[in-house]
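S.K.: Given chain A, work out where chain B should sit, using these hints.
Here is what each chain is made of, one letter per residue.
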Amino acid sequence: KAGVTQTPRYLIKTRGQQVTLSCSPISGHRSVSWYQQTPGQGLQFLFEYFSETQRNKGNFPGRFSGRQFSNSRSEMNVSTLELGDSALYLCASSSAGATNEKLFFGSGTQLSVL
Amino acid sequence: QKEVEQNSGPLSVPEGAIASLNCTYSDRGSQSFFWYRQYSGKSPELIMSIYSNGDKEDGRFTAQLNKASQYVSLLIRDSQPSDSATYLCAVKVAGGFKTIFGAGTRLFVKA
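So the sequences go chain by chain: A and B.
Quick note on this note's numbering: the first sequence kicks off at 1 and runs consecutively.
Quick note on this note's numbering: the second sequence kicks off at 1001 and runs consecutively.
Hints were generated in silico from the structure; no laboratory data involved.
Keep in mind that a hint or two might mislead.
Unchecked claim - Computed Cβ-Cβ distance ranges for the label pairs, DEER-style:
| hint | chain 1 | residue 1 | chain 2 | residue 2 | range |
| --- | --- | --- | --- | --- | --- |
| 1 | B | 1014 | A | 84 | 36 to 44 Å |
| 2 | A | 63 | B | 1080 | 37 to 45 Å |
| 3 | A | 70 | B | 1018 | 32 to 40 Å |
| 4 | A | 100 | B | 1068 | 15 to 23 Å |
| 5 | A | 61 | B | 1080 | 36 to 44 Å |
| 6 | B | 1018 | A | 14 | 42 to 50 Å |
| 7 | B | 1068 | A | 98 | 34 to 42 Å |
| 8 | B | 1058 | A | 80 | 26 to 34 Å |
| 9 | A | 83 | B | 1055 | 42 to 50 Å |
What the hints assert, rightly or not - With the Cβ distance kept under 8 Å, some of the chain B side facing chain A (calculated, not the full set):
| hint | residue |
| --- | --- |
| 10 | 1029 |
| 11 | 1040 |
| 12 | 1043 |
| 13 | 1044 |
| 14 | 1046 |
| 15 | 1049 |
| 16 | 1051 |
| 17 | 1092 |
| 18 | 1104 |
| 19 | 1108 |
As the list claims (entries may be wrong) - Heads up, simulated BS3-like pairs for lysine-lysine below, C-alpha to C-alpha not over 30 Å straight-line:
| hint | chain 1 | residue 1 | chain 2 | residue 2 |
| --- | --- | --- | --- | --- |
| 20 | B | 1110 | A | 57 |
| 21 | A | 13 | B | 1098 |
| 22 | A | 1 | B | 1098 |
| 23 | B | 1002 | B | 1098 |
| 24 | B | 1067 | A | 57 |
| 25 | B | 1067 | A | 102 |
| 26 | B | 1056 | B | 1067 |
| 27 | A | 102 | B | 1056 |
| 28 | A | 102 | A | 57 |
| 29 | A | 102 | B | 1042 |
| 30 | B | 1056 | A | 1 |
| 31 | B | 1098 | A | 102 |
| 32 | B | 1067 | B | 1002 |
| 33 | B | 1042 | A | 57 |
| 34 | A | 1 | B | 1042 |
| 35 | B | 1042 | B | 1056 |
| 36 | A | 13 | B | 1110 |
| 37 | A | 1 | B | 1067 |
| 38 | B | 1056 | B | 1110 |
| 39 | A | 57 | B | 1098 |
| 40 | B | 1042 | B | 1002 |
Where is the CB? At the ideal position from N, CA and C, for every residue including glycine.
Only chain B is shown next, with the shape it has when bound in the complex:
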């Protein structure tokens, strides 16, 4: 079982729709959860972090965490073509000094 699992996609949504990206993790000691966006040919960049159960909103992005289910999600509202990228879910275990990434979900937003 992989430590962090994501559907590879591609996920295709029309412009203006909500894109929903999901992630599960295996280590119950995980304490920090991140979503990175990676455009083709570029490096990953952080878009959201979440540390406690519930929802965290930042603009059009909402991260959701459910530690009991070991589940993290990212919602992108009013999706734009510029949101087309690979979204990487990342998890950090307390004191582990390493961030583990999922393989990423490719998102396409059609104009």
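Excised from the complex, chain A in its bound form:
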């Protein structure tokens, strides 16, 4: 069974640009969560999607948005990039996002904003 796939692996952008990251969950998994990881802040929750619906959102500005498609693949978009958006963005999937379910992480997208 293939794992969680994130593309691209690396991205370099300049301030003010926008970026779209993609995540394909494990086959059969319908819950997709996104996290931002920085050395100082650790893993910060961005949002969670299930069956194309956002069920929870973290404390990030509106520049961060996401969506999920009918095949459970998910994308996140960051508009008007700032230097502070440089981070590793991790996607994680689980079967249904139930309370006792563990997360399976992708390899992440390393975003550098110059």
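M.R.: Chain B alone, transformed into the frame defined by chain A:
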């Protein structure tokens, strides 16, 4: 107050010793508790989950949960250099659809 707090470390232990990692959480509605391990340059991977008060053992790993004290811990017995990694404590609130992570504790096991 952060939702999930861990000592950032680094925690350094000699090979063969017991490593003790601690975590506290703020939401009393938390129902599921996880320990993830993250090697440098890699993604987190689950090593233990615990849902009820007490101890849960899996090989060299023991997770401990005390909901009254809002405290979770992970013990690693017979620590090996390959255990050197960052250990992330994670908590999930029932029906919240989000897993909250602590900042992680860096563990070094010296050969």
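S.K.: Hint by hint, note whether the structure agrees.
M.R.: Structure-based check of each hint:
no., hint, verdict
1, 1014/B - 84/A: 36 to 44 Å, "holds, 39 Å"
2, 63/A - 1080/B: 37 to 45 Å, "holds, 43 Å"
3, 70/A - 1018/B: 32 to 40 Å, "violated, 49 Å"
4, 100/A - 1068/B: 15 to 23 Å, "holds, 20 Å"
5, 61/A - 1080/B: 36 to 44 Å, "holds, 43 Å"
6, 1018/B - 14/A: 42 to 50 Å, "holds, 49 Å"
7, 1068/B - 98/A: 34 to 42 Å, "violated, 25 Å"
8, 1058/B - 80/A: 26 to 34 Å, "violated, 45 Å"
9, 83/A - 1055/B: 42 to 50 Å, "holds, 45 Å"
10, 1029, "violated, 10 Å"
11, 1040, "violated, 11 Å"
12, 1043, "holds, 4 Å"
13, 1044, "holds, 5 Å"
14, 1046, "holds, 4 Å"
15, 1049, "holds, 6 Å"
16, 1051, "holds, 6 Å"
17, 1092, "holds, 5 Å"
18, 1104, "holds, 6 Å"
19, 1108, "violated, 17 Å"
20, 1110/B - 57/A, "violated, 40 Å"
21, 13/A - 1098/B, "holds, 29 Å"
22, 1/A - 1098/B, "holds, 24 Å"
23, 1002/B - 1098/B, "holds, 15 Å"
24, 1067/B - 57/A, "holds, 26 Å"
25, 1067/B - 102/A, "holds, 20 Å"
26, 1056/B - 1067/B, "holds, 14 Å"
27, 102/A - 1056/B, "holds, 16 Å"
28, 102/A - 57/A, "holds, 18 Å"
29, 102/A - 1042/B, "holds, 17 Å"
30, 1056/B - 1/A, "holds, 28 Å"
31, 1098/B - 102/A, "holds, 11 Å"
32, 1067/B - 1002/B, "holds, 17 Å"
33, 1042/B - 57/A, "holds, 25 Å"
34, 1/A - 1042/B, "holds, 19 Å"
35, 1042/B - 1056/B, "holds, 26 Å"
36, 13/A - 1110/B, "violated, 39 Å"
37, 1/A - 1067/B, "violated, 36 Å"
38, 1056/B - 1110/B, "holds, 26 Å"
39, 57/A - 1098/B, "holds, 8 Å"
40, 1042/B - 1002/B, "holds, 25 Å"
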